[in-house]
Amino acid sequence: MDERVGESGMKLLFNKNQGDINGDSEKTSEVSRRKFLKIVGMSAGSVAAVGAGIELIPYRAWADSNPNGWGGNSGVSGMSAATMGSGQEVGNHQWAMVIDLRNCDGCKSCTAACQKAHYLTEDQTWIRVFEMGDSQGNSYFMPRPCMQCENPPCLDVCPVHATFRTDQGVVLVNQGRCIGCRMCMAACPYQARYFNWKAGAKYPDTGVFPTLKFPVPQRLGTVGKCTFCVGNLNHGLMSECASACPMGTIYNGDMITDVAINSMGNTVKLSKFLYDNDAVAYKDENNTHPRVWYIPGHGQNLDTNATTG
Amino acid sequence: MKKLLAILLIVALSIMGSSFAQAAPVGSLSVTQGSGDSLNLSGSCGASNCTSATFYAKSNQFAGSNFMQIGQAQVDSVGKAQISYTPTWTGNTPFKVNFLGAGGSLIATQTLTFDVVKDPSGFPQSAIQFQRPLDSTGAIFVKILLTIVALVWLTLLGSFFLVVIRVPKLSKQASEEK
Amino acid sequence: MTSTLEKKEIDKITVIAPDPSWESEVREAAMRSIVTKPGKNWWIAVSLLSLVVVAGVGAWIYQLKHGMNSAGYNDQAFWAVYIADVVAFIGVSYGGAVVSAILRLSGQSWRAPLTRLSEGMALVTVLIGGAFIFPHLGRPERFLNIVAYPNFSSPLVWDFIAIATYTLATAIFFYLPLIPDMAVAKNLVDTGGKRARLFSILSLNWMGTKRQRVLLHRVLTIISLIIIPLAVSVHSVLSWAFALTSRPGWMESVFPPYFVIAALYSGTALVIVTIYAFRKGYKLERFITDRHFVRLGYMMAALGLVYAYLTVADMLTEGYTGITTGWIQQTITGKYAIPFWFYVIAGEIVPIALVVMKKTRNATGMTVAGVLVVISLWVKRIVIILPAATQPLISGQWGSYHFTWVSITVTLAGVAAIPLLLMILFRFIPLMSIDEMEDAGPLGSIEQISKETLKAAREESIPEPSKEESK
Ligand code: SF4
Ligand code: SF4
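Protein chains in written order, with my numbering: chain E, 826 to 1134; chain V, 1190 to 1367; chain F, 9 to 479.
For reference, chain E alone in the conformation it holds in the complex (with noise of 0.2 Å):
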């Protein structure tokens, strides 16, 4: 019996707690669907530039189908406080990340932060950085957290809710419920979840009763995986990885202030960013649908529309 899971300002995005959707915004997401497969054929020429046989999403198309919606370009905003009562309801904030490829020099500074700060075992990656091959024969380095995505697959077979979503849109593990079946593993197609396989000198007593957001120490024989660093990120704090990217290369953006930062204090509106710099999610096709955005490229001069101001 876990009860901790009902803590303020955790609600629950289960299954159950979902009211009906109305068949607009339901519309909406089918055409945006068919519209994603189109852009996914159209654009398979960059998608090969990017990486072969790499899946990836542009977020214009996203954008572009949702003119009324978050995001795009035109900073208008069709939806009311009241249409997004109905429903699920959408927490204070909602967390997202954006991942500047162009910056990344695969230093790794951010994988060995969390893992300082969560305590980790050297094999647990949770934000972990590849050594990516594009078609041209040259590599670039692509950081993978867990993309906390909207719509997650590990979720959907976790067979006792262990894996739960929070209002701000963060998926997190319940490692007093967990029973470490590790199906979560095989569903998620990120790799992004770590499995608890050794008792050991590597979970010290730090002291502190570990909690939803910071699984910390980690329990042995459960799931631990990337938790966005929800408990800085709510106290005006960025995530461990980010703040020690020494490249600027991670943002930590929140979608409904509409802002993103990284670790240089380059603030960005976020979907502007995204739009202007050709974001793209990983793995999209799978409907997922991440919250963590790639903008790729490696070592290009940077028009971000940063600025420090």
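Hints may be right or wrong, so weigh each one.
[What the hints assert, rightly or not] Across the chosen pairs, the derived CB separations fall in these ranges: (1) E947(E) / S114(F): 44 to 50 Å; (2) T1336(V) / L56(F): 44 to 50 Å; (3) Q405(F) / L1343(V): 48 to 54 Å; (4) S114(F) / T1344(V): 19 to 25 Å; (5) D948(E) / T341(F): 24 to 30 Å; (6) I236(F) / G1327(V): 24 to 30 Å; (7) F1350(V) / Q405(F): 54 to 60 Å; (8) F1350(V) / G216(F): 18 to 24 Å; (9) G1032(E) / V54(F): 28 to 34 Å.
Keep in mind the hints are simulated off the structure, nothing from the lab.
Using N, Cα and C, we set each Cβ at its ideal position, and we do this for glycine too.
Given chain E's structure and the hints, the job is docking chains V and F with the ligands onto it.
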């Protein structure tokens, strides 16, 4: 010698003076509530060589965040530039405008703090609403499956108990008949 | 109304011809395991097997203490040997149950000497397979969370439901045909003993009246009908634990029938091995003849061919377009080539050849084939699970799974538990269904009775059911 020094001083001073004049904040910024939820940001450039204006707002959401660009506009013939901006948070918010010259050089800048009271988030419901497997059809499916499971259990246990209860009874009956 | 119905049923099942010599022979043979005192070999075997099981439990406790890394698991090999064990053990159980159920439903009277052994095997293996879920879990003590907080969109919850239902059905399916035998058994052991008391409780005071027989026959028909779709659903749901993920190599529409056929194939094989062992151990050659092995062998070969076909269908559709060839390359020529080709040779070519060749088409040949099939289908499960689990989904290295002494010991304990539990189980229950054997008559064990014989025999022997009885 003294004369030369004096001339140099005057030249230097005049150069400094002119550069001071150039860097002086000749721009102005005003923020007003526009139609609906939007704000009107308008600025005017005091200098004649301003070509474009970039507007910024500063969020206090993340410690260490800076001004973020919220829009750009061309400066018109009377030196004015204007954008409409829909804020995404409330509270005292610093706004800023930078007037740029043709080459992108900064000509004038101005900041202003405005208390934003309305922030209709542009974040739509549809952005996070995905049909979970057990919504609508799935829920019915689950109910049907659970009913089938219950029926199977009932049949299994029913036939088991039928045998367990009936067999001794039948034996008793038979031996009584004998 | 009931009386006509019962009459019809009675026609179907009444004893063909009272044959006292056959009857006593059957009783003696079936009761051999109960009546005789276990020999020295039995004790040696039981203690050795128990040692292995105890070692396995010990290894599991070690694993609980030190984490699952000690069983060779890591983040890229997150599912490996234990889930393969679950699939393999529950698979062979399916074979036992379905062999018995199908033969019962189709009225194959030659089944009579086999049903008890195959149902016992089914019961034992489903219990062991279910138990393997515990070493598979990282937190077995929280297992009941599945009941407390079920998420019905998870395939694992349905696995749990299906396996629980199937276990119940197997247990009932094992017990009900046992009732008449228990009635016989209680008269054969010395009265007043513990076993006599146990038997008389289990026999439910069975007297073998016609109405009792009708009742039992009807209930067994219903359960046979249920157990087949139930077993199909168990293996389908088990396969969906794999197929409902987005992993290349697992996300296959062919998986449910693939798993069902694998289960039937390995199950039939283990039935052959089991009856061979018991035939040898208790000298049942008079009842379990070579023809039984050959018939089961035919069944096994047919299932083997279907399984080979599904394997090809699975790999071809995945590999042809070249989208997800990684795991196929690894399977055919890479890391998993040795186990894969082991399966092809020992799990398909050799057993089918053993069935085809006349020389080896006998009890020994079939048993060798059965052993090969059981082993290689376990290997095949590993080959299905590991390549897809260890593949890199983004980029980088293939993961690898290393067998450790923990996982090997625990798996061997499961393997040893099958003969152990069967040997102990059949110390308490007859080896063959006396009732069914007597029904089938002396011909039944050797070849199927032709309809005419049956009819003739029936006309001779059936007394009209008396009115009181059919009331
Ligand atoms: S990236 Fe993986 S672990 Fe994270 S939410 Fe998506 S499916 Fe779940
Ligand atoms: S390992 Fe834990 S979090 Fe993952 S599916 Fe199983 S119970 Fe859920």
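Now the hints, each set against the structure:
1. E947(E) / S114(F): 44 to 50 Å: 59 Å, violated
2. T1336(V) / L56(F): 44 to 50 Å: 48 Å, holds
3. Q405(F) / L1343(V): 48 to 54 Å: With a Cβ separation near 52 Å, Q405(F) and L1343(V) satisfy 48 to 54 Å, so the hint holds.
4. S114(F) / T1344(V): 19 to 25 Å: 21 Å, holds
5. D948(E) / T341(F): 24 to 30 Å: At roughly 28 Å between Cβ atoms, T341(F) and D948(E) fall inside 24 to 30 Å, so the hint holds.
6. I236(F) / G1327(V): 24 to 30 Å: Holds, since I236(F) and G1327(V) (Cβ atoms, about 27 Å apart) stay within the stated range.
7. F1350(V) / Q405(F): 54 to 60 Å: 57 Å, holds
8. F1350(V) / G216(F): 18 to 24 Å: 20 Å, holds
9. G1032(E) / V54(F): 28 to 34 Å: 52 Å, violated
Hint check: violations occur at hints 1, 9; the rest are consistent with the structure.
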